[in-house]
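Asks: Quick mapping for you: the protein sequence lines, in order, are chains C and Y.
Counting from 54, one number per residue, gives the positions in the first sequence under our numbering.
Counting from 34, one number per residue, gives the positions in the second sequence under our numbering.
None of these hints come from the bench; they were simulated from the model.
Check before you lean on any hint, since a few could be wrong.
[Claimed, not checked] Stretches of chain C that chain Y covers, calculated by requiring three or more beta carbons in the stretch to come under 8 angstroms of a beta carbon on chain Y: (1) 119 to 133; (2) 222 to 232; (3) 252 to 261.
[Said to hold, decoys possible] Result set (SDA-like, lysine to any residue): computed pairs, CA atoms no more than 25 angstroms apart in a straight line: (4) 345(C) - 394(C); (5) 130(Y) - 650(C); (6) 408(C) - 207(Y); (7) 130(Y) - 394(C); (8) 117(Y) - 416(C); (9) 265(C) - 345(C); (10) 203(C) - 286(C); (11) 120(Y) - 265(C).
[Claimed, not checked] Derived, one-sided and incomplete: chain Y residues facing chain C with beta-carbon distance under 10 angstroms: (12) 37; (13) 84; (14) 87; (15) 163.
Keep in mind the model is a prediction, meaning the values are calculated, not measured.
Glycine included, every Cβ here is placed at the ideal spot set by N, Cα and C.
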Amino acid sequence: MRNEEVRVLLGNVAIARGIIESGCHVVTSYPGTPSSEIIPAVVMFKKELGLNTYIEWSTNEKVAFDNALAASLTGKRAAVAMKQVGLNVASDSLMSSAYTGVVGGLVIISCDDPGPHSSQTEQDSRFHAMFAKIPVFDPSTPQEAKEMVKEAFELSEEFQIPVLLRPTIRVSHGKQSVRLVAPAILDRAANFVKDPARWAATPRFRLILHTKLNETLSKIQEKFEKDTKWNFEIESPRGTSLGIITCSASFVAILDLLEEFGLNEGISILKIGTPYPLPQKKIAEYVKRHYKVLVIEEPDSVIEAQIIDKSKVLGRLSGHIPYQGELSPEVLYEILVKVLGELGIAKLKMISDSKLEKLVENLDLPIRRPTLCAGCPERAAFFSIRKAFPKGIYPSDIGCYTLGLNLGAVDTVLDMGAGITFASGFYQAYHLDDIDIPIIATMGDSTFYHSGTASLLNAVYNNARFILVILDNEITAMTGMQPTPGIGITADGSEGKSIPLEELVRGCGVNWMRTIDPYDVKNLISLLKEAREYTQKEDGGIAVIIARHPCLIRYPDVCQEKPVKVEITEECNGCMYCIDFFECPALQPDKEADLVRIDRTLCTDCGVCVNVCPREAIVPADT
Amino acid sequence: MIKTQIILAGIGGQGILFASRIFSELGLKLGLNVLGSETHGMSQRGGSVLAHLKLGDFHSPLIRTGAADILYSFAEEETYQSLKFLKNGGVCFVNLKDSKRFDPAILSYLKGKDIVFRAFDAGEAASQIGFVRSANIVLIGYSVGSGLVPYKCDDIKSVLESVSQPENLEMNLKAFEIGLRQGSNE
Numbered sequence: 054m055r056n057e058e059v060r061v062l063l064g065n066v067a068i069a070r071g072i073i074e075s076g077c078h079v080v081t082s083y084p085g086t087p088s089s090e091i092i093p094a095v096v097m098f099k100k101e102l103g104l105n106t107y108i109e110w111s112t113n114e115k116v117a118f119d120n121a122l123a124a125s126l127t128g129k130r131a132a133v134a135m136k137q138v139g140l141n142v143a144s145d146s147l148m149s150s151a152y153t154g155v156v157g158g159l160v161i162i163s164c165d166d167p168g169p170h171s172s173q174t175e176q177d178s179r180f181h182a183m184f185a186k187i188p189v190f191d192p193s194t195p196q197e198a199k200e201m202v203k204e205a206f207e208l209s210e211e212f213q214i215p216v217l218l219r220p221t222i223r224v225s226h227g228k229q230s231v232r233l234v235a236p237a238i239l240d241r242a243a244n245f246v247k248d249p250a251r252w253a254a255t256p257r258f259r260l261i262l263h264t265k266l267n268e269t270l271s272k273i274q275e276k277f278e279k280d281t282k283w284n285f286e287i288e289s290p291r292g293t294s295l296g297i298i299t300c301s302a303s304f305v306a307i308l309d310l311l312e313e314f315g316l317n318e319g320i321s322i323l324k325i326g327t328p329y330p331l332p333q334k335k336i337a338e339y340v341k342r343h344y345k346v347l348v349i350e351e352p353d354s355v356i357e358a359q360i361i362d363k364s365k366v367l368g369r370l371s372g373h374i375p376y377q378g379e380l381s382p383e384v385l386y387e388i389l390v391k392v393l394g395e396l397g398i399a400k401l402k403m404i405s406d407s408k409l410e411k412l413v414e415n416l417d418l419p420i421r422r423p424t425l426c427a428g429c430p431e432r433a434a435f436f437s438i439r440k441a442f443p444k445g446i447y448p449s450d451i452g453c454y455t456l457g458l459n460l461g462a463v464d465t466v467l468d469m470g471a472g473i474t475f476a477s478g479f480y481q482a483y484h485l486d487d488i489d490i491p492i493i494a495t496m497g498d499s500t501f502y503h504s505g506t507a508s509l510l511n512a513v514y515n516n517a518r519f520i521l522v523i524l525d526n527e528i529t530a531m532t533g534m535q536p537t538p539g540i541g542i543t544a545d546g547s548e549g550k551s552i553p554l555e556e557l558v559r560g561c562g563v564n565w566m567r568t569i570d571p572y573d574v575k576n577l578i579s580l581l582k583e584a585r586e587y588t589q590k591e592d593g594g595i596a597v598i599i600a601r602h603p604c605l606i607r608y609p610d611v612c613q614e615k616p617v618k619v620e621i622t623e624e625c626n627g628c629m630y631c632i633d634f635f636e637c638p639a640l641q642p643d644k645e646a647d648l649v650r651i652d653r654t655l656c657t658d659c660g661v662c663v664n665v666c667p668r669e670a671i672v673p674a675d676t
Numbered sequence: 034m035i036k037t038q039i040i041l042a043g044i045g046g047q048g049i050l051f052a053s054r055i056f057s058e059l060g061l062k063l064g065l066n067v068l069g070s071e072t073h074g075m076s077q078r079g080g081s082v083l084a085h086l087k088l089g090d091f092h093s094p095l096i097r098t099g100a101a102d103i104l105y106s107f108a109e110e111e112t113y114q115s116l117k118f119l120k121n122g123g124v125c126f127v128n129l130k131d132s133k134r135f136d137p138a139i140l141s142y143l144k145g146k147d148i149v150f151r152a153f154d155a156g157e158a159a160s161q162i163g164f165v166r167s168a169n170i171v172l173i174g175y176s177v178g179s180g181l182v183p184y185k186c187d188d189i190k191s192v193l194e195s196v197s198q199p200e201n202l203e204m205n206l207k208a209f210e211i212g213l214r215q216g217s218n219e
């Protein structure tokens with residue numbers, strides 16, 4: 054590599070580069086949008102530069118966190134990456150580690166998803182860091198994210214505290230030309246120094262650690278007060294009527310808007326890159342110099358909440374910023390229109406064009422919702438479940454298979470692992486009333502490895518009865534094809550030990566378990582009925598079906614062993630049953646003929662739809 | 034080259050991210066700052082995919098409504114949803130099976146905003162060369178051929194050479210040429 058090189062990098066790749074340039078030794082993660090691209094990029098740079106870095110896809114975020122933290126205790130640098138709701142899973146470790154602290158730098162990357170685009174909540178990881186009492190860096194661009202990772206390692210080591218980097222989705226999935234430099238090579242032999250008062254602290258010592266933590270935070274706050282690299286002002290040549298305090302992706306969006314509308318000369322900006330501990334003096338001094346100050350941040354109001362004197366502050370509390378949803382350039386513009394109008398600074402015209410909106414609305418376009426791929430084995434499983442138990446309750450979980458919603462075969466999605474806990478919870482509630490109702494839980498393989506075993510153990514132990522269908526496509530598909538413990542390939546492609554689902558399920562005390570290829574719809578339906586009988590038998594219990602067929606995006610060469618070319622006969626009367634209950638993208642309504650046709654460019658010849666049509670109009674082609 | 038803001042719209046699997054990569058590498062090659070934003074995750078399973086790309090001196094990766102210079106749309110329905118990004122006087126290139134089918138009321142609306150609308154069956158052209166997945170590159174070639182975008186044919190070709198998988202390079206170049214020819218004929 055040349056001394057300095059510029060590449061266009063995805064924000065997450067820039068973060069990975071920051072990890073590598075910091076000389077980090079251990080990197081762990083559990084995939085989740087918008088964080089999933091970090092680990093593959095670390096692997097890429099490791100290979101490109103021939104580095105000795107340990108990288109793992111862990112089984113869940115808490116496991117990832119603890120593994121990274123332990124490495125830090127030996128003096129090595131470690132990073133752990135996850136999506137914002139993953140930090141909930143790792144929260145127990147996070148809270149405790151703030152007290153015990155670290156030795157080698159520990160950087161936690163928690164990617165927020167204002168929108169939300171691909172998450173169950175819009176929670177703000179900066180609040181999570183504040184809750185745990187650890188410092189946060191909040192980048193606005195991929196380039197800044199990379200630099201902040203390096204600074205975070207330095208800070209973490211200087212103050213022996215875990216440090217959080219909080220990119221939002223527009224940073225993680227933003228792209229930018231980024232300057233690369235050579236990585237630092239830190240030659241540190243693992244050396245865990247025993248100190249039970251710290252690493253095994255009992256409550257009495259915890260109080261001491263908490264006192265020290267508070268002192269450390271004060272020192273870090275002082276450092277952030279003096280810092281001008283991450284917290285800086287863009288002064289306006291004239292006017293002190295309005296200042297904007299902002300951060301993350303909002304900062305750069307505001308810069309573009311002010312420049313475009315020629316407002317940058319009348320409005321100053323205070324950019325905050327360290328929202329916790331907040332440089333309070335800097336903020337107070339800035340607020341003092343302005344008539345009003347608008348605080349723009351997402352997804353929640355971490356800076357605004359901490360400002361002590363709010364008499365001049367406009368933000369969510371004053372009703373100027375929406376409490377939910379992403380602060381897109383359009384939303385930000387509308388906020389500016391309102392605030393600048395109220396203060397008499399400028400009268401801006403609205404940019405949204407209601408005429409076009411109406412014209413498009415009149416077209417009554419179908420909403421293109423995400424859907425399972427043509428040929429997806431999970432579709433076959435969901436169809437069979439619904440066919441076998443049309444009146445069942447279907448608790449499900451997080452993954453591609455959440456899209457079983459479209460097929461009416463998913464009733465609940467809460468978080469990772471709740472497919473099984475909801476099934477046992479539903480069972481116990483109905484059982485109190487002596488009602489026997491079919492409950493069919495679905496969970497993907499990666500989710501099961503993540504948090505299925507504790508829930509299944511609990512359900513077996515407490516005599517719950519339901520059917521669990523583990524949808525095993527042998528990959529973590531939704532987040533971009535990360536390997537699972539089932540296939541036993543590790544993050545960098547090297548071989549790990551494969552742990553088959555069957556062994557885990559048996560180990561959880563389940564006595565009835567069958568494995569089947571869900572493409573075999575007829576047999577899957579009868580197996581589901583057999584499973585139901587077992588759940589109703591006197592000496593029965595939980596029945597587990599492992600529906601195993603490889604993901605056809607990840608394994609295109611092996612997924613269709615016996616291709617079945619199908620055609621639609623004259624029997625088709627356009628009832629649209631297949632469209633409504635099977636929703637394969639390759640089956641499309643032929644609006645002109647009022648029938649269904651096959652899109653050959655999408656069809657994968659899985660042949661599953663032969664089992665779907667009530668009139669048997671979908672048949673294997675003769676050839 | 035002046036700064037440009039490009040929207041790429043379509044559905045998962047149509048190569049939007051690859052198209053976005055072509056323009057970002059082009060920006061890099063021309064010494065421009067590159068900023069952009071992409072859709073990853075759930076939407077990639079057949080949902081709407083949108084990429085923003087800004088070449089030149091900008092700060093934010095996002096293009097606001099009414100500011101894009103160019104729109105590439107690889108799917109008809111997604112075109113309707115993403116036209117709002119175009120500025121007055123912008124230009125859009127749409128992969129469309131039948132250009133007569135496009136809503137006339139919207140076409141006349143675009144005319145009123147001096148937006149140039151160019152539709153072309155890039156999917157068909159791509160399948161004719163036996164590489165259905167290259168419809169994205171056909172459409173880019175078409176835009177360059179039309180002379181309505183500020184990108185040079187040789188620059189895009191050299192970018193294609195650097196970003197294509199070796200086994201796809203020949204087909205990608207062919208797809209580009211086909212689009213280019215069609216664009217300059219119209």
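Asks: Can the restraint linking residue 345(C) and residue 394(C) be considered satisfied, given a maximum Cα separation of 25 angstroms?
Replies: holds (13 angstroms)
Asks: For the pair we were handed, residue 120(Y) and residue 265(C), check the Cα-Cα distance against 25 angstroms.
Replies: Violated, at about 56 angstroms.
Asks: Hint check: residue 117(Y) vs residue 416(C), CA-CA at most 25 angstroms. Holds or violated?
Replies: holds (15 angstroms)
Asks: Would you check whether residue 37(Y) satisfies its interface hint, that is, whether its CB is within less than 10 angstroms of any CB in chain C?
Replies: violated (14 angstroms)
Asks: For the segment 252 to 261 of chain C, do at least 3 residues have a Cβ located nearer than 8 angstroms to some Cβ of chain Y?
Replies: This one is violated; 0 residues, fewer than the three required, reach chain Y with a Cβ under 8 angstroms.
Asks: Is residue 408(C) close enough to residue 207(Y), meaning Cα to Cα at most 25 angstroms?
Replies: Roughly 40 angstroms between the alpha carbons, so the hint for residue 408(C) and residue 207(Y) is violated.
Asks: Is residue 130(Y) close enough to residue 394(C), meaning Cα to Cα at most 25 angstroms?
Replies: violated (46 angstroms)
Asks: So is the segment 222 to 232 of chain C in contact with chain Y by the C-beta rule, three or more residues under 8 angstroms, or is the coverage claim wrong?
Replies: holds (count 6)
Asks: Run the distance test for residue 203(C) versus residue 286(C): straight-line Cα separation, threshold 25 angstroms.
Replies: holds (22 angstroms)
Asks: Can you confirm whether chain Y covers the segment 119 to 133 of chain C, using C-beta to C-beta distances below 8 angstroms and requiring at least three such residues?
Replies: That given contact is violated, which follows from only 0 residues of the segment 119 to 133 of chain C lying within Cβ reach (below 8 angstroms) of chain Y.
Asks: So, residue 163(Y) near chain C? Judge it on the closest CB pair being under 10 angstroms.
Replies: violated (12 angstroms)
Asks: Keeping to a limit of 25 angstroms between CA atoms, is the pair of residue 265(C) and residue 345(C) held or broken?
Replies: Distance ~37 angstroms between residue 265(C) and residue 345(C) Cα, so the pair is violated.
Comparing the model with each earlier hint shows violations of hints 1, 3, 6, 7, 9, 11, 12 and 15; every other hint is respected.
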